[in-house]
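Asks: The chain contents come next:
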Amino acid sequence: MRRGLPAPAGERIPNLAPMVDVIMVILVFFLLGASLELATEGVLQTELDPRSGPGEGTPIEIIPAVKIALEEVAGGQACNIYVVGKLLPGNTFEHLYGFLEQRRLAGADTANPVIVAAQPGVRWRFVIKTMDVAVRAGFTNVQFAVSLGGGTRLNW
Amino acid sequence: MLFRPPKPVGMTLNLAPMVDVMMCLIIFFLLASKLVDAQHRPLNLPYAQAALEVGRGELGRRVVINVRPSDDDPLRAEYIVEAWDGQNITERILQPDEIQDYLQARADRVPAADDGLRCVIRADQNVAYGHVEVVLRGCGLAKIAKVVFSARAGQEPEEET
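Which chain is which? The protein sequence lines are R and Y, in order. According to the working numbering, the first sequence is numbered sequentially starting from 1. According to the working numbering, the second sequence is numbered sequentially starting from 1.
Just so you know, these hints were derived from the structure itself, not from any lab. Glycine included, C-beta positions come from ideal geometry on N, C-alpha and C. It is possible that some hints are incorrect.
[To be verified] List of simulated lysine-lysine pairs, DSSO-like, C-alpha gap at most 30 Å:
#1 R:Lys67 <-> Y:Lys7
#2 R:Lys86 <-> R:Lys67
#3 R:Lys67 <-> Y:Lys143
[Claimed, not checked] Away from chain Y, derived, C-beta distances all over 10 Å, residues of chain R:
#4 Gly33
#5 Thr46
#6 Leu88
#7 Ala108
#8 Gly121
#9 Asp132
#10 Ser147
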């Protein structure tokens, strides 16, 4: 009976195949996961007034702007809509859309600013809805009135 | 002289370089997925019919600020940004008085020849405007003119009925 000789001492290479299998599975998982995350997101874009910020003088307003103010009602759960200082008849966003569209059809320049101001307690969804209405009505330059502290004034 | 034919040698594939590359890819995806998570936290975004569907890459150089109501006090808000702690991409909660400095620091890092930094504001629809106003004020003071508001494209469910 022959007995096997011991294996000659030499370079031993570990078997990496199982490790590669596992890494491949993990890689495929991350690839799929990453592709799922490539979903797009809806955005509304604006450009702030370049005169804003430090080092700029008090702006002199020469362009007629539509000023929309949102007043907090019921602890922010609702809001009153003021347009150029007056409560909007109907006081809904559909009425605001109608007003802005009417203004555009009457020949208002859609590049002129629509300035949105809101009291600090107004819910963000109403502010976004105001911007949405302005963009849908064709106005491309939506700006935000931002106070330098102490809350937004609605003295329009 | 006696010549003996060499013993047949079993050939093995050297997988080490392949493993190196795959490890690099996995680390990349691990980090990238963390970044995605920090920039796209699940938030109750407002609806906007005029919202444009854009990919993140289309927004160019950007700083993303998530604004969500605080878990402790719904009247307060948390400002969440992604941060690099040297090893991981983590979330950092900013205080309102830190927003301007944060935005200024990010704006200063953008080369002058570049298109400019864009601020992406992802605010929960139920957060008060006063909390978002803090970010808008910071953008104005940091001279970041391009501001993007995240919204869900489409009508609000109540309006559909």
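Asks: Does the structure break any of the earlier hints, and which numbers would those be?
Replies: 1, 4, 5, 8, 9 and 10
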